[in-house]
Amino acid sequence: MESRFAHLDALESQSIYILREAYRKFKRLAMLWSIGKDSSVMLWLLRKAFFGHIPVPCVHVDTSYKIPEMIAFRDRLAKEWGINLIVGQNREALERGETFPNGRITRVECCSLLKKDALQAIIEEKDYQAVIVGIRRDEEGTRAKERYFSPRDKNFEWNFKDQPPELWDQFKTDFDPGTHIRIHPLLHWTEVNVWEYIDRERIEVVDLYFARDGMRYRSLGCAPCTKPIKSSARTVPEIIEELRHTKISERSTRAQDQEAEDAFERLRASGYM
Amino acid sequence: MRTSDPTPNPGAHALRIVIVGHVDHGKSTLVGRLLHDTGSLPDGKFEQIQAVCQRRGMPFEWAFLMDALQAERDQNITIDVSQIWFRSATRSYVIIDAPGHKEFLKNMVTGAADADAALLLIAANEGVQEQSKRHAYLLSMLGVDQVIVLINKMDLVDFSESVYQQIEEEYRDFLGKLGIQPLRFIPIAAREGLNLVEPLNGVAKWYSGPTLMRALDRLPPPAAEADGPLRFAVQDVYRFDERRIVAGRIESGTLRVGDYIVFSPNNKSSSVASIERWNAPIKDSASAGESIGVTLTDPIFVERGHIGSHDTKTPIETNRFRARLFWMGDRPLSIGRRYKVKLLSQEVECQLVSVDRVIDATSLDTFSGLRLSVVKNEVAEVTIQARSPLVMDNHERVATSGRFVIVDHQDVAGGGIIFGGTYVHREPVQSTNIFWSEGTIDHRIRTERNGHRGMVVWLTGLSGSGKSTLAHALETNLFSRHMQVYVLDGDNIRHGLNSNLGFSPQDRVENIRRVAEVAKLMADAGLIVITSFISPYRLDRTRAREVILGADVEFIEAYIATPLHVCEQRDPKKLYKRARSGEIKDFTGIDAPYEVPENPEITIYTDRESVKESVGRLLDFLIPRLQLDVAEYEI
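If you're matching them up, the sequences are chains A and B in order. Position one of the first sequence corresponds to residue 5 (this note's numbering), numbered consecutively onward. Position one of the second sequence corresponds to residue 791 (this note's numbering), numbered consecutively onward.
These are calculated hints, taken from the structure and not from any lab test. Treat the hints with care, as some may be off.
[What the hints assert, rightly or not] BS3-like cross-link-like pairs, simulated, lysine-lysine; straight-line CA separation at most 27 Å:
#, chain 1, residue 1, chain 2, residue 2
1, B, K1132, B, K1103
2, B, K1364, B, K1402
3, A, K31, A, K158
4, A, K52, B, K1130
5, A, K130, A, K29
6, A, K158, B, K967
7, B, K835, A, K234
8, A, K251, A, K231
9, B, K835, A, K251
10, B, K1375, B, K1364
11, A, K31, B, K1130
12, A, K31, A, K120
13, A, K70, A, K120
14, B, K1166, A, K165
15, A, K52, A, K29
16, B, K967, A, K231
17, A, K70, A, K231
18, B, K1132, A, K165
19, A, K29, B, K1130
20, B, K835, A, K165
21, A, K130, A, K83
22, A, K251, A, K234
23, A, K165, B, K1130
24, B, K1132, B, K1166
25, A, K52, B, K1073
26, A, K83, A, K31
27, A, K31, B, K1132
28, B, K967, B, K1166
29, A, K120, A, K130
30, B, K1132, A, K29
31, B, K1363, B, K1402
32, A, K31, A, K130
[Claimed, not checked] Over 12 Å on every C-beta distance to chain B, these chain A residues come out as not near it, computed from the model:
#, residue
33, A34
34, I90
35, E102
36, L117
37, K120
38, A148
39, L171
40, M219
Please read all numbers here as calculations on a predicted model, not as lab measurements. The beta-carbon is built from N, C-alpha and C at its ideal position, and this holds for glycine as well.
Please put together the full structure from these sequences, using the hints given.
Structure below.
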């Protein structure tokens, strides 16, 4: 008789396999820590893969617009789990006040400056060859076409029209110098899988995901561009139950995705996660 | 995009279904419609696509649900594989939408390689097309054997039973030749949503089978390979704390604490002290698919690329193997170029030795004429030589360790499955510094490692007949195929081993006797030995043959039948001139006899063919005899 969570074992094993391949293949490897639920699961999977250890630095790109609870959670977890936390920030843009909340640029331009450019800068500064990112195929149409090992050229651009083949868990691991690799160990998970795993493993996530006054966050981003949804789910099992019945997409509360038909594709092609 | 629960039955795997078929036969439309009809679309998605289509001034396009990229929508084709979750009343699915265009074959392969089942789509108005066949062929190679054939666009042929049956008959026949038994054929009209979730409702009274959705729900879940022979692929060895953990994945079979494990290719062995997992229930076994770590009782050397197995069921270990391969690279796979083979966690430099057969995936015709390369989108049977031994299985025995990819420069450019490999029982090595127990190396094991047999090719003929030229041309060719080959000739024998011998009849006999003994030892050591001596006496050659065959080594007598007058004309060392003048005595052909072989294995006429042609004929004769004989080595 299969256990209630047998499918999670298969998802977990595949992710561990990918993390170990990444760790072996790239000496200068980092994880992108967004502080969201997927990042929490990824940190947990790193500890699974490396028997309790997190042997790679974790990079948080701080736009300065994150919800304060997220930063508090980040700093506490970093201390408790002994995480080597690296914070990246586009200070120039912030000093110039060139942001969407200031009304100076569009949401997509703001994402591009504060997230994408800041990430690119910290990767260049630290000379990371590869970054582990917790995106999933079920999130959005262009992510559905992603690879586990996904190359970006020296300008961080994603050539989605000519992606490397991936078969039988043999990934493209040889690259020209200057190429930067995104590694996506959660690609095959779904939103519900993530919550089921959080439930089974009792993984800590930011409180913002749980309903307060009839509202909760389903996806976490910057405060000005992320809206909570109506919800009464105050526990992980309640969230799982809620997701089993919803017909609203996960990223619908992320305003930057909604600006144009191909807003997200263009953001991703230019290097967004 | 998916929003609703992918796991209506908690604990059940989502079944992975790849949708393949010829371009424009309606793959993306089918997926879009299926998502809609099962109520799996997020709120507003239908309206969003409607708005996009209006803006583009076109009718509603279901395919836009999957074809998320702008270029895909602009050209109305699927470029890259897409994965999407949906559920029926009883289980959840991952749908893999693979592109149909030939130029995007690598994306199709990416999608299909890890599918549990496939839907093969054929448009009723166009019938079986090139990609309908090519995709089916690739599915059979990729090991996707659960196949449902959908005959789509039935509305365009007025739901004609005869059209349907004609296509079914033609395609069933084709699939049968590939060894694919389709689970069933189903007529559908995807754009209209007919026979997907809702039944046909009378438009085709002749069809009494299930809807697509019902047929999908009946597919059995994927079977794990927990019962196969154990293959534990080592990814890395960690020392984060006091433990030395050998980390990897069980690719087949089951591993238990206390098991005695042999790690190939160096065949060190140890018992498993513990199975390591972090924050997981303690379990003293691990089965196929599990990523684990183990600690060992003995401090043996183990590293990435080693494959653990039980000593009673060890894998094949060889430098040379045969495979059925598909090529996706823009540059062809060519003899003489260097590649890398990746098989489980092993990575070894390799070369293409020969293209044994090219298979036309659409007609299934095979070409076994001389080919030096495999080009993009071709399927071929090839022989590959790796620089160091690889651990593998025949694909039919263990699928996960029976497949590999070929990396050209930096890109995965081909994939293949291994067949015809021979299993040789290897004695496991205890955790000492001795690699092999004494006496366990016999020529079977040498043969297995070299990838070819040892052999003596005995060239005989007059001075100036071309033996030396041919011997070295043959040596160069075999060497370039990564074979172990060596030429014995006057230069390296007469000056050393036989420096005490002259050209008298007795000395000639002794000369040949020693050459035969040396050749025997070298061939027994696994080499292909080419001897290049006049060896004029029939009796001497017969003795050499007996000595060599007596050591179970094949002896090939190659008579270089160049006529005396041609040899004398060539006279490269001016020996004939000196013999004629009496300066040299007992010169074969002048004042000593040459006894022509009565039954040589092969005769070469250097006066009538070029060196290249002669070497070609020798190779044609030798190569099949150098290859491993499965029956002989099977245990």
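How the hints compare with the structure:
Of the supplied pair hints, the one linking B/K1132 and B/K1103 holds, its CA atoms being roughly 22 Å apart against a limit of 27 Å. Distance restraint check for B/K1364 and B/K1402: the Cα-Cα separation of roughly 25 Å lies within the 27 Å cut-off, and the hinted pair is therefore satisfied. The straight-line distance between the Cα atoms of A/K31 and A/K158 is roughly 18 Å, inside the 27 Å bound, and the hint therefore holds. For the given pair, A/K52 sits about 31 Å from B/K1130 by alpha-carbon distance, which is inconsistent with the 27 Å threshold.
Distance check on the hinted pair: A/K130 and A/K29 sit about 17 Å apart at the alpha-carbon level, within 27 Å; holds. At roughly 48 Å between alpha-carbon atoms, A/K158 and B/K967 are farther apart than 27 Å, so this suggested pair is violated. Using a Cα cut-off of 27 Å, the hinted pair B/K835 and A/K234 holds, with the two alpha carbons roughly 20 Å apart. Distance check on the hinted pair: A/K251 and A/K231 sit about 17 Å apart at the alpha-carbon level, within 27 Å; holds.
This hinted pair checks out: B/K835 and A/K251 have alpha carbons roughly 10 Å apart, not beyond 27 Å. Distance hint between B/K1375 and B/K1364 is fulfilled; the C-alpha atoms sit about 14 Å from each other, no more than 27 Å. Of the pairs offered as hints, the one joining A/K31 and B/K1130 holds, with about 21 Å between alpha carbons and a cut-off of 27 Å not exceeded. Distance check on the hinted pair: A/K31 and A/K120 sit about 23 Å apart at the alpha-carbon level, within 27 Å; holds.
At most 27 Å may separate the alpha-carbon atoms for a hinted pair to count; A/K70 and A/K120 meet this at roughly 15 Å. Taking the CA atoms of B/K1166 and A/K165, the gap is about 18 Å. The hint holds against a cut of 27 Å. Annotation: proposed proximity of A/K52 to A/K29 holds, straight-line Cα distance about 18 Å (limit 27 Å). Using a Cα cut-off of 27 Å, the hinted pair B/K967 and A/K231 is violated, with the two alpha carbons roughly 57 Å apart.
Between A/K70 and A/K231 the alpha-carbon distance is near 12 Å, which keeps this suggested pair within the 27 Å criterion. Distance restraint check for B/K1132 and A/K165: the Cα-Cα separation of roughly 25 Å lies within the 27 Å cut-off, and the hinted pair is therefore satisfied. Taking the CA atoms of A/K29 and B/K1130, the gap is near 16 Å; set against the 27 Å cutoff, the hint holds. The straight-line distance between the Cα atoms of B/K835 and A/K165 is roughly 24 Å, inside the 27 Å bound, and the hint therefore holds.
Our distance criterion of 27 Å between C-alpha atoms is met by A/K130 and A/K83, whose separation comes to about 21 Å. Only pairs whose Cα atoms come within 27 Å are accepted, and A/K251 paired with A/K234 is accepted, the gap being roughly 13 Å. Distance restraint check for A/K165 and B/K1130: the Cα-Cα separation of roughly 25 Å lies within the 27 Å cut-off, and the hinted pair is therefore satisfied. A distance of roughly 19 Å separates the Cα atoms of B/K1132 and B/K1166; the hinted pair therefore holds under the 27 Å criterion.
A C-alpha spacing of about 15 Å is found between A/K52 and B/K1073, which places the hinted pair at or below 27 Å, so the restraint holds. Taking the CA atoms of A/K83 and A/K31, the gap is near 24 Å; set against the 27 Å cutoff, the hint holds. Distance check on the hinted pair: A/K31 and B/K1132 sit about 20 Å apart at the alpha-carbon level, within 27 Å; holds. A distance of roughly 23 Å separates the Cα atoms of B/K967 and B/K1166; the hinted pair therefore holds under the 27 Å criterion.
For a cut-off of 27 Å, the pair hint linking A/K120 to A/K130 stands: about 16 Å separates their Cα positions. Restraint check for B/K1132 and A/K29: satisfied, since their Cα atoms lie roughly 14 Å apart, inside the 27 Å limit. Simply put, B/K1363 and B/K1402 have alpha-carbon atoms about 22 Å apart, close enough for the 27 Å limit, and the pair holds. With a C-alpha separation of about 12 Å, the suggested pair A/K31 and A/K130 falls inside the 27 Å cut-off, and the hint holds.
Interface exclusion of A/A34 from chain B stands, the closest Cβ pair being 18 Å apart, more than 12 Å. With a least beta-carbon separation of about 20 Å from chain B, A/I90 lies farther than 12 Å from that chain, consistent with its non-interface assignment. Every Cβ of chain B is farther than 12 Å from the Cβ of A/E102; the closest lies at roughly 27 Å, confirming the non-interface assignment. Remark: the non-interface label on A/L117 is consistent with the geometry, its nearest Cβ contact in chain B lying 23 Å away (cut-off 12 Å).
With a least CB separation of 19 Å from chain B, A/K120 remains clear of the 12 Å interface cut-off, as annotated. In this structure A/A148 is not separated from chain B by more than 12 Å, as the shortest Cβ-Cβ distance comes to only about 5 Å. For A/L171, the requirement that its beta carbon stay farther than 12 Å from each beta carbon of chain B is not met, with the minimum near 4 Å. No Cβ of chain B approaches the Cβ of A/M219 within 12 Å, the least distance being about 19 Å, so the stated non-interface status holds.
Of the hints listed earlier, those the structure fails to meet are numbers 4, 6, 16, 38, 39, in rising order.
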